[in-house]
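Participant: Chain residues, written in single-letter form:
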Amino acid sequence: MRGGRLAALASGLGPLLLLALLLAAPGAARAQGTPEAPVTPAVPVTSGAPPAVTADTGFAAILGKFSTDRYADTAAALAELATSPSPQAAAVVDALADGRLLYDGASKAVFIRTPAGAIRDAATGAPVASPPVDLSPVRANNRVRRAIEAAMGALSLLDADADRRREAAAAVFKSRDPAVLPTLDAALAREGVPQVKAALAEARAAILLNSPAAPEAERLSAVKLLVDRGDQEALGLLRTVPADAPAAVKSAAQVGIVSIERDLKFWAVAQNVWYGLSLGSVLLLAAIGLAITFGVMGVINMAHGEMVMLGAYTTFVVQDVIRSSAPHLFDWSLAIALPAAFLFTGLVGVVLERTVIRFLYGRPLETLLATWGVSLMLQQAVRSIFGPTNQEVGAPSWMSGAFQVGQMSITYNRLWIIVFSLLVFVALLLVLKRTSLGLYVRAVTQNRRMAAAMGIRTGRIDALTFGLGSGIAGIAGVALSQIDNVSPNLGQGYIIDSFMVVVFGGVGNLWGTLVGAFTLGVANKLLEPFAGAVLGKIALLVFIILFIQKRPRGLFALKGRAVES
Amino acid sequence: MNRTRIIDRTGGIFLVIVLAAAVLVPASNLLLSPTNPLHVPDYMIPLLGKYLSYALLAVAVDLVWGYCGVLSLGHGAFFALGGYAMGMYLMRQIGPRGVYGNPVLPDFMVFLNYKELPWFWLGFDWFPFAALMVLLVPGLLAFVFGWFAFRSRVTGVYLSIITQAMTFALMLAFFRNDMGFGGNNGLTDFKDILGFSIQAPQTRLVLFVASALALALGYLICRALVTSKYGKVLVAVRDAESRTRFLGYRVENYKLLAWTLSAMLAGVAGALYVPQVGIINPSEFAPAQSIEMVIWVAVGGRGTLVGAALGALIVNAGKTWFTGVLPDAWLFALGALFVVVTLFLPKGVLGLGAQISGRLRRRPPVPVESTP
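Which chain is which? The protein sequence lines are A and B, in order. With numbering that gives the first Met the number 0, the residue at position 75 of the first sequence is 74, and numbering never jumps. With numbering that gives the first Met the number 0, the residue at position 314 of the second sequence is 313, and numbering never jumps.
Check each hint, because a few of them may be wrong.
If you want the footprint, here are the derived chain B segments under chain A, 3+ residues with CB under 8 Å [as the list claims (entries may be wrong)]: (1) 163-169; (2) 292-302; (3) 348-357.
Now the in silico label distances, taken between C-beta atoms and shown as ranges [said to hold, decoys possible]: (4) B:Val98 / A:Arg142: 25 to 33 Å; (5) B:Asn183 / A:Pro181: 40 to 48 Å; (6) A:Ala451 / B:Arg152: 27 to 35 Å; (7) A:Gly531 / B:Arg4: 37 to 45 Å; (8) A:Phe329 / B:Asn183: 44 to 52 Å; (9) A:Phe329 / B:Lys190: 57 to 65 Å; (10) A:Ala117 / B:Asn112: 51 to 59 Å; (11) B:Lys190 / A:Arg142: 52 to 60 Å; (12) B:Arg4 / A:Leu525: 27 to 35 Å.
Just so you know, these hints were derived from the structure itself, not from any lab. Every residue gets a Cβ at the ideal spot worked out from N, C-alpha and C, and that includes glycine.
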């Protein structure tokens with residue numbers, strides 16, 4: 000984590016260093032021929048004479064500390080660099096972070112090796128044509144690396160880029176190095192962007208909180224600022240208030256800790272509920288097609304998961320075509336994949352119904368076995384065509400990223416999937432309740448022979464209903480391709496969960512499926528902190544097994560004569 | 000009332016074949032020279048033994064599905080539990096010969112920093128106790144599960160789905176390392192059974208013969224059960240559960256007995272399977288495995304017992320052949336088998352003859368039960 004942040008900072012500083020060098024180059028050219036004042040007398044003076052750095056003996060003294068090759072000196076030098084006004088400071092810190100800061104054991108001179116391999120003088124940034132032979136890098140240990148991070152943070156507090164400044168403020172908030180305080184105050188004074196200003200103020204509060212030198216009023220306002228921030232880090236900071244702090248500060252910190260802990264507990268539950276809703280929406284998407292084929296038609300379709308898988312693969316194929324022929328449409332790829340997946344899996348469903356399932360109505364156990372066979376064939380077919388490995392399905396730009404609500408983070412893809420699952424649910428409900436197809440479907444499932452007598456072509460309705468259920472599974476596959484691995488086994492992971500949702504919610508009732516999916520999703524995620532992911536899932540399965548004993552027809556059972564047949 | 004004989008003609012032929020195999024296969028392996036075309040090579044022995052344990056499992060599935068109408072999609076759980084009980088015995092027999100050389104703890108426990116044996120491992124070093132557990136653990140699970148399920152009248156598809164949930168939950172549980180059953184690696188690396196090396200050809204022959212005898216015995220027990228008066232009620236439950244209940248029979252008790260017995264037979268099959276295959280791991284609990292067991296029964300002929308055993312042999316021999324010659328085509332073949340059997344062979348391979356002759360004569364076949 001720390002290393003990653005460091006690397007990110009270092010790579011961010013890279014272009015800056017380049018800029019500094021470019022700016023320094025004309026200066027070097029101008030300085031040609033002028034009598035030079037060597038920073039350290041032992042540096043061999045060569046044709047490319049370094050420019051005179053006048054009166055910056057302080058900076059030279061700091062650099063000198065690097066050449067002793069003692070960690071304590073290196074760290075001390077870094078702390079001083081952090082507040083140094085020299086334009087070379089950032090370059091030196093950057094080089095040290097990358098192990099490119101070199102020193103000559105004999106002359107105690109310090110150099111920077113550029114990433115390209117050229118050697119430059121550390122104090123001036125001027126190129127050195129023939130550097131000493133035995134240059135060794137200044138070594139770093141964990142303490143030095145911490146100091147590097149702090150120094151980088153301090154130096155980028157004054158950066159021109161607002162994002163960089165905010166990152167730097169966050170880094171200072173973590174390191175709480177009192178030496179940065181002057182720089183911080185300077186940065187705070189000239190900061191114009193409100194968010195960055197707040198971040199800087201928090202960083203300042205973090206430093207002031209534990210500095211005995213700060214006046215009590217300052218420390219109290221620091222506590223208040225941290226309590227307002229209210230996250231885990233602020234909590235950790237408040238816990239570090241030393242015992243010798245003034246009583247007012249200590250009690251304020253104590254009150255703050257209690258209130259933050261209460262808030263955090265609330266947000267933790269909220270976050271889990273959110274994860275639960277997200278899981279519930281996934282379950283709803285996976286189960287809602289099954290609610291048609293199993294719930295309404297009574298067909299045990301074990302190939303349902305494979306319909307989801309086919310939908311996901313349709314998304315992959317659509318994106319593949321878009322990538323190769325119309326890259327500008329990529330953000331629309333999911334919108335294109337939706338009807339494609341619906342039509343394709345719906346068609347597969349109609350074919351399956353006409354060739355296999357039609358002969359097995361009224362024999363649910365045989366249907367189960369036959370559709371299981373179909374699922375094996377579909378899996379193997381996809382494996383033979385696309386290979387057994389996961390396929391890469393990209394996310395359009397509007398699906399990636401996250402935003403913060405209070406102390407919980409909400410990712411856009413999860414949010415859109417929840418919205419989408421509810422849209423699909425409403426659409427399906429409308430189709431069944433408001434269209435003539437829905438009317439026929441309900442008529443056929445309630446009393447097939449009567450419906451036939453009224454002139455409804457029951458065979459065609461069967462095929463269309465099964466196609467509808469399969470098509471919706473395909474749509475679910477498009478959504479699930481965004482959050483799950485697209486592999487031939489995708490469907491198998493959902494089939495048991497889907498059946499659990501439908502059976503739990505009550506067969507033949509779409510609202511039961513909705514309630515069942517979100518109940519199971521939220522229950523699963525709320526169990527996880529106590530029981531762990533696997534035990535939570537097991538507990539839920541056992542619960543459903545027991546629940547079915549109590550209510551064999553689910554949460555919202557259909558009543559009446561049609562149920563008994 | 001005319002009582003059906005326990006051993007009918009098909010059953011008689013079946014028993015003769017199984018017992019003949021128990022004698023002839025070892026004889027051919029030991030007495031004939033390897034060049035003789037009738038010689039059964041050493042590697043075939045555990046393979047055939049594995050098929051026989053599958054056949055016993057299929058007979059157990061057929062008892063509940065074919066005669067009681069309960070389609071279990073969770074018999075793999077009983078099979079695996081029996082297998083784990085045997086595997087625990089075999090693990091304890093390794094003793095100090097494990098990689099870490101701990102005389103008491105199996106290797107995976109040493110690896111996971113167990114200090115002492117968990118309580119549920121105690122006693123498994125003693126074969127009679129382990130053998131008892133092979134019967135008791137699956138039997139108890141089935142009894143408790145069936146007690147609840149049958150009493151609250153969960154039937155048909157719902158029952159199938161919760162049996163599937165049961166085996167799925169067990170699979171998740173056994174995949175956990177801190178369950179104390181070796182996590183996803185399961186139990187393996189066995190050395191001895193009852194003091195004989197498990198790798199030795201002679202031991203394998205004995206295990207093969209034991210599997211054959213267990214299959215014959217399991218068949219006889221099931222056959223005795225289904226031909227008795229109890230069996231008649233069982234079939235009545237299958238065909239018209241509510242009507243049987245209204246006639247005054249305690250339907251749930253009839254189902255519970257068949258269900259529990261079937262689970263115990265499945266446990267025995269698992270216990271015979273493990274030493275011949277040399278490993279037991281949580282994938283045996285996978286719902287897909289349990290569904291595959293059902294297709295063995297469907298291929299052979301549901302409700303015939305002999306057909307179930309036959310189906311297990313046919314499908315598994317096919318699996319061995321396919322995965323050797325055309326590995327990619329196996330799932331196509333298995334999937335097609337599911338579809339073809341349910342659509343065109345409702346009585347399985349065993350009923351094929353009657354189906355064809357019935358077609359030829361253009362006359363409905365005479366139901367076997369109604370013949371005097």
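Participant: When the structure is checked against the list of hints, which entries are broken? Sort them ascending.
Facilitator: When the structure is compared with the hints, numbers 3, 4, 5, 7, 8 and 12 turn out to be violated.
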